[in-house]
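Participant: Could you slot chains B, C, D and E with the ligands onto chain A? The hints should help.
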Amino acid sequence: MNSEHICDISLAITGSGGAGSITAGELLLSLAGKNSCFGMMRRSFGPQIRGGEAAALIRISHRAVECMNDSFDLLLALDWNNADRFAEEIALRPDSLIIADPAAGDIPEAFQELGVEIIEVPMKALAKDITAGRPNMVALGLLSHWLGFCSDEAGKLIDQVFGRKGEEVTGGSRAAFTAGFTEPLIVAAREARPRPERGDPGNRGTRWHFNGNQGCGLGAIRGGIRFAAAYPITPASDLLEWLSPRLEQLGGSLVQAEDELASINMVIGASFGGVPSMTATSGPGLALMTEAMGLAVASETPAVVVNVMRGGPSTGIPTKSEQVDLNMAVYGLHGDAPHLVLGALDHADCILTTEWAVRLAEALQTVAIVLTDQNLAQSTVLIPEPKYELPEIPARVIAQPTDGYQRYEITDSGVSPMAIPGTASSTYVADGLEHTESGKPSTAAADHLAQLEKRSRKIQSFDFGGHWADIRGVGQTAILTWGSSSAVAREAGARLRAAGHEVKVIALRLLLPASPEKLAGELENVSRILIVEQSHSKQFHHYLRAFYDFEADTRTLARPGPLPITPAEIVEKIENWS
Amino acid sequence: MNSEHICDISLAITGSGGAGSITAGELLLSLAGKNSCFGMMRRSFGPQIRGGEAAALIRISHRAVECMNDSFDLLLALDWNNADRFAEEIALRPDSLIIADPAAGDIPEAFQELGVEIIEVPMKALAKDITAGRPNMVALGLLSHWLGFCSDEAGKLIDQVFGRKGEEVTGGSRAAFTAGFTEPLIVAAREARPRPERGDPGNRGTRWHFNGNQGCGLGAIRGGIRFAAAYPITPASDLLEWLSPRLEQLGGSLVQAEDELASINMVIGASFGGVPSMTATSGPGLALMTEAMGLAVASETPAVVVNVMRGGPSTGIPTKSEQVDLNMAVYGLHGDAPHLVLGALDHADCILTTEWAVRLAEALQTVAIVLTDQNLAQSTVLIPEPKYELPEIPARVIAQPTDGYQRYEITDSGVSPMAIPGTASSTYVADGLEHTESGKPSTAAADHLAQLEKRSRKIQSFDFGGHWADIRGVGQTAILTWGSSSAVAREAGARLRAAGHEVKVIALRLLLPASPEKLAGELENVSRILIVEQSHSKQFHHYLRAFYDFEADTRTLARPGPLPITPAEIVEKIENWS
Amino acid sequence: MSLAEKISDLDTFLTYSVVLEEEAADRHDELADMMEVHNNPEVAATFRKLAHYSRLHAREIRDRSSGRSLRVIAPWDFEWEGMEGPETGDISDVNYLMSTGHALKIAMGNEQRAHDFYFEISKGSPDPAVRALAAEFAEEEKEHLELLEKWLEKHPESDEDMRWDPDPAHMPE
Amino acid sequence: MDQAAQQIALTPKDFKSALKPVWCPGCGDFAVLNAITKALAFMGLPREEVALISGIGCSSRIAAYTSVYGFHGVHGRALALASGLKAARGDLTVLVAGGDGDGLSIGGNHFIHACRRNMDMTYIIMDNEVYGMTKGQASPTTAPDWADSKLTPHGTGIRPFQPAGLALTAGASFIARGFTGDPNGLAKILVAAIGHKGFSFVQALSPCPTFRPEQMLWKHHVKAFDQEISSNPVEAAQRIQADDGMSTGIIYQNERPVFRPGTGVDNGMGSIESEFTI
Amino acid sequence: MDQAAQQIALTPKDFKSALKPVWCPGCGDFAVLNAITKALAFMGLPREEVALISGIGCSSRIAAYTSVYGFHGVHGRALALASGLKAARGDLTVLVAGGDGDGLSIGGNHFIHACRRNMDMTYIIMDNEVYGMTKGQASPTTAPDWADSKLTPHGTGIRPFQPAGLALTAGASFIARGFTGDPNGLAKILVAAIGHKGFSFVQALSPCPTFRPEQMLWKHHVKAFDQEISSNPVEAAQRIQADDGMSTGIIYQNERPVFRPGTGVDNGMGSIESEFTI
Ligand SMILES: Cc1ncc(C[n+]2csc(CCOP(=O)(O)OP(=O)(O)O)c2C)c(N)n1
Ligand SMILES: Cc1ncc(C[n+]2csc(CCOP(=O)(O)OP(=O)(O)O)c2C)c(N)n1
Ligand code: SF4
Ligand code: SF4
Ligand SMILES: [Mg+2]
Ligand SMILES: [Mg+2]
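Going line by line, the protein sequences match chains A, B, C, D and E. If you count by my numbering, then the first sequence holds residues 1 to 578, one letter each, in order. If you count by my numbering, then the second sequence holds residues 579 to 1156, one letter each, in order. If you count by my numbering, then the third sequence holds residues 1157 to 1329, one letter each, in order. If you count by my numbering, then the fourth sequence holds residues 1330 to 1607, one letter each, in order. If you count by my numbering, then the fifth sequence holds residues 1608 to 1885, one letter each, in order.
Note that these hints are calculated values from the structure, not bench results. Among these hints, one or two may not hold up.
[Unchecked claim] Examples of chain B residues lying across from chain C (beta carbon under 8 Å, computed):
1) SER594
2) GLY595
3) GLY596
4) GLN626
5) GLY629
6) GLY630
7) ASN660
8) ARG663
9) GLU666
10) THR989
[What the hints assert, rightly or not] Now the in silico label distances, taken between C-beta atoms and shown as ranges:
11) D:VAL1563 to A:THR411: 30 to 40 Å
12) A:ASP84 to B:GLN1038: 50 to 60 Å
13) C:ASP1272 to A:THR411: 57 to 67 Å
14) D:LEU1339 to A:THR402: 12 to 22 Å
15) D:GLU1604 to A:TRP577: 44 to 54 Å
16) D:LEU1339 to E:GLU1882: 53 to 63 Å
17) C:ASP1219 to D:VAL1563: 25 to 35 Å
18) B:GLU666 to A:ASP549: 46 to 56 Å
19) A:THR411 to C:ASP1167: 45 to 55 Å
20) A:ARG204 to B:GLU1129: 54 to 64 Å
21) D:GLU1604 to B:GLU666: 34 to 44 Å
22) A:ILE398 to B:GLU1147: 39 to 49 Å
23) D:GLU1543 to C:LYS1306: 28 to 38 Å
24) B:ARG641 to A:GLU453: 29 to 39 Å
Just so you know, even glycine gets a beta-carbon here, dropped at the ideal spot from N, CA and C.
The following block holds chain A by itself, in its conformation from the complex:
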């Protein structure tokens, strides 16, 4: 383990249910923040509903990180029960380190094969000697020492987190922490290695600590969402649960619906009432919403749907990530139904993209689908406060009381002023049937064309500004990607640049409408394009082909979940272009 790794360390804590690996991981990440570091943490669980094996997958660095690393430097196993289930998620290298409890029995073959160094620490035994001491707190101590964290900060954190549980628990936890922190074997092993390079003092500012679901929630309420309808589904439920009390605090509300058909229609109803509204779901739920999303498009009622992607098809792999609902989000509505699709690129971007989506849906009176995935939604980051600026976006155009009000008036912008119930003399009937400007049902070709063009024009002619994509670097090689693969691609880009390659990383944030001219501009001097996505059928690649022209030598790095794409895979693909 060299110093390069110590200032950017990836570690995993595994254990069976109740062993506290997740708690230890969470505390470790918090401590990282208090020790001028940044980081992120993913959780992985066995198939059991509760009490299954669990792994905290953590990356800690002195730079802000937005994705996991290729492999793990350190695996701490509280026990080995079913831990081999995580073998594919916790890639070790020959120079990685395993810390394990000798009482936990044999190290699973999957891990042993690599011949990595193993330090055995009797965490269970150490904890047993301490009243209310727990092995996971011993582990926290070990790891805190390993990372050179301050033990005082740890003590304070323990007091804060366990305070409510009383003196005995706090005391025991502190004692167990200390037992680990001062564990001679670990101290010696640590001594034998170079010290970690610590974050520079400039990194001492406030940290934001949140997961992607919370990021979307914050973006949503910043954008003005005040009503949500919910039907729980993994991995979107957390977002809905986060929203519920907060919408109430803001004078709004969340209603638990009987199903997704109800939730999306509730959103449309509330938005018709003038209140910016949203729901969140995942693949199977989105599938149930497409009919009503078509209604929102046709009736020009703003509606926001955050879709947190998970492994598909069908129920698929609900607890793991995959970028595979792009097709449905872009093309899943029947009829010609122009709408907006946005993809959040990283945790901070969940805030920006969701706020942007809400504002766009309101301004353009249409459906905005925000795509995130389990990867973003359920992993936590510790990053500097995300700052962003959105371009000026008009609010929903509200009709003032007028006689002869025409809800679906043909306007230059394509946006027709919308009357809000309560407004006198502008009553109208919103309709999913094709209609005239006044909203009267019509089958006339001219009315159909006029309304189709209007609904298309308001989106096509809108100036979305510079946020359509996030672009880093310059060069003749471009990595083109979207969603949570973006952070991975950016990290790969940085590595490639460090290795002397000139690489541009383009992550599309605005997926529908497509921005062919803008992308063409960005690709002007590009001769090689690598398209990166986490989908077996190359949904992103096909989407790009449908809407964009590529002159350059274009290749794909596309594979399914559940394992996230790694920076190394991308680097390799570029380096071995041939």
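Facilitator: For chains B, C, D and E with the ligands alone, kept in the frame of chain A given last:
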């Protein structure tokens, strides 16, 4: 009106509800069959449920025709009530003819503007003098005389059709027919024009008389469908209604479901039981089925869905046609969910394509979506008996009783033998969760990849043979199209060839999986491609871009419904290529 | 107590009369609209004319009651003999293929009931002023009936048309 | 009642839009439209404070024929859409109307859940025991032996729902049945239903002369319930079961907690943003 | 009964698959699995002639734990899938099982329609008054004041469904309630339910120790109904209403026409093809 038109005549009969324009049109088409002609008929209605204005749009020719012509030679108006609603559907030329009842009042401006010749016949008055005489039977007589049809045949037809209504009605109808047939004004006007060229005797064979929905129904039961679940929706209801008694006759059944969510799941359940099963719907219903279609894909349960497209988005224009559910059919499932999408090209092709789809779904244990549209579904043709041959397609691979049966076994073909309930020792649990070969839920990357690849491979590696497209003609100019625009494109192709252009018309029947090599082969010497579709957002064009490469100069003729694309539009686009 | 006995003052009587005629006018307009939408202009014109007459009559009664305060009664608190006012045609009696003759027969039924309503009051109301006015109205209704009878003579069509509908319904959605 | 009535500013006609219904002449739905407009006029509600939400079907076209705010949504989802509207805009008077197919077939789940949720709105099912709009198929209220649909040529063979019974079991707090042959009686019921605090359900027997011509005889069968409004669910259930489905009047009314999400008080974003910092 | 018992060839264990349930230790669902396998073994049904269809949820995992044919479908649609299977394969014994969320929330429409349709199948709702699989949100059977879900932090404020009442009104012809604390009693009920000709509905009170630990007290509240099986719907409705939802036993059973589509007789294609010619 010249002889060229008389042997290929397009005429419209309009009248308000109850005037019998549709009945007259149907009888006229039947008579055409008895007079060695071919033909087709579309119906158009006002927005009322019953008793609205109605138009029978008819084309009669000595050649078999598969689409409507650009304009109408003759418009017969039983009355003018709201007939201007049809003005855009009944394009007249300056040399067209109007036959109208002077008692019906002024000819609507829309029709008058053209300055066409008008013959006034007091049809209502003529009918009034005859007990149980009806103006529409007078009209039938007029038109039969105009077309040179045999009046004896007409008498027989009237007896046959109205026989059940008793002597008075038949007698009155015959008398009214004769009054029209011998009407001096018409006789004189007809005399003044060249006689129509009659069909050659070779055309005397049996005619088939059916609409696209019936064609799909026949194809379905030929393919082996023995169970259907139904939720009515325009324009698919007729197909379901056609199936109900016929499935019963074949020992199967149709169940009316509570909604589309139920109907598609019933189909999956019945198919799991070993019985080839289907449903039919239209856009909004298909939207509700996508979640369960994903289940059929993941659980590898054959299922056929006929989707009859109508104007969209949302409730849109339910009674009119548009080719706008292609996106949803191809991409509308969440996750990576490979499946089949086929589009019927004309009426006869509804039979072939649906039978093919059923056999493919069974062979490949997946979902097959058949796209037709209101245009095909609800118009009637009179054509020679459709003959086709399908390539050899294996039946559903049924697992024989075995120990250690693995439902999702990885096989070379990608198709895993399927055990049918009732088979001892091969019990298994079909699952929409990702699974191992045995069907056990699994989140392992290797299992996911193996099953994703299997589900994709069985489709990608299947030899679909020559039916992937219907190709007519040769030349450096290609018209590329699908669905009901195909017959229009073929007619345009014929006209262009007649005018000296070399044109190849390629109509894709198999839309998913795409056949890029096959199409590339067909386009080898092609320098100009015109993509023709009835969609505002160019769904077909984007679909093609996503899956196929085009080197040639590629342009589009894409516009929304409800008016069908005409051969003339295509001809014009090609002739004015510049 | 019969309705006639309950209508014991002129205000109440006029209120009933105005509403009777106005509802009839509205209904006739509604029926005319139906026929217009369903391409039966002849019958539409008939109902429109009938609406016009009912409206004239209503205005006449309003004029006669000027200066008096008509009572405000909720629609359902009128104690009509049937479900609606006596001159209000039953929506379920019409068909889009109906003939003018049929429409007129319906109208005659309405006028007959209106006549009977006024007639009953002209006999049974405790207030002589009411009785007198009701008798006058009953007489007017009788005139309407006679007019309609003459009108009907010009429209002897049977409603065979309604039974044989050569055009099927279709499905708009 | 006279007093309230005096405040009437708008007439029933003012609650109608300029569109002429596409309904078949003779259709019961005209009377539902009349009853709604009469009820609204009588209650003196401003047009802009009323919203009428519907699904898809002949009956669901009703939204376009009124002059209040309306939403002609998708098939079967009117109650869900209306629930969102009411949740976000508790100040509006929300009416929902549609067919027996829309409400009890595809929309059945929203129906039972709306009854259970007991939001303050009024739902009218215009029951013609058929899918009118799609040309006459059996609905959940169609008798099992009605064999005139090509889809179920021997009849459905399935026992119909009793909408009132279902509403009661599912939790509706006001249940009534009206008949379009008596639009004034229906209007009176609607006034009570709209006035009721909670979810009020009104089944309006509304004949379809086109596909169910035999329903023109309903006027001879319909009669008023001879009992008082019950507030006892068991008693109401008995009454519904014992009835042939042709009795009209308010069957059941009971006050139960009305679902009203949120407090409407905005306490600001501040504390929410600060949760993110550590 | 002894005689029937003697014919048993397979043991309850033979009806279990090799998969070990992922359910939390202590979960009531284990007992439902045991009751089903006992009932099937007792009835001597061949495994391959039984199909168990489920949706999505902890409880819906049950299909994979039996050794009969099974389908673990999508959330809320088990009854629809099963209805198609039974329609096409009337010879199979079809069981359907799943959670209160699966069956009464997203699946509510299929539930009432399956009751109405009265096909010959058995439906078991494993009722834990919570969405277990998605980490503990309120379901349609959750009490209004249960405030432990973050989604509804003050409780739902909504009256729960009575599944038995809903089934009765919707038309189920056999209705029972069992408790997982008494798996043998539940198995006995299941034998009757499976034997019943028509749609049989069994609500199995099945505690969720993880998200509803207070349900571990159910064993102290559950008691047997003290009345006989009723065949009178009004009586059954009264019994359900009067009960606190904790009494077990067969509540209602009544023979009504069973829906069986088609005749099974194949009369050939001939006449169909000839319809196309003129
Ligand atoms: C998702 C969907 N499925 C089916 C339809 C077709 N459809 C339109 S209206 C209707 C039923 C109408 O019946 P009902 O609600 O009773 O209304 P009615 O026409 O009888 O008034 C159906 C099935 C649709 N529009 N959308
Ligand atoms: C369409 C869809 N929506 C939501 C979900 C998420 N989901 C899975 S199980 C479940 C609820 C489970 O509750 P219940 O049916 O009571 O089963 P339990 O877990 O309590 O046994 C939900 C909402 C899903 N899988 N599919
Ligand atoms: S079809 Fe029936 S329900 Fe529809 S408008 Fe006509 S009469 Fe009314
Ligand atoms: S969460 Fe509850 S219902 Fe699910 S397995 Fe655990 S105890 Fe059972
Ligand atoms: Mg209906
Ligand atoms: Mg549950």
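Participant: What hints, given by number in increasing order, does this structure fail?
Facilitator: 8, 9, 10, 11, 12, 17, 18 and 21
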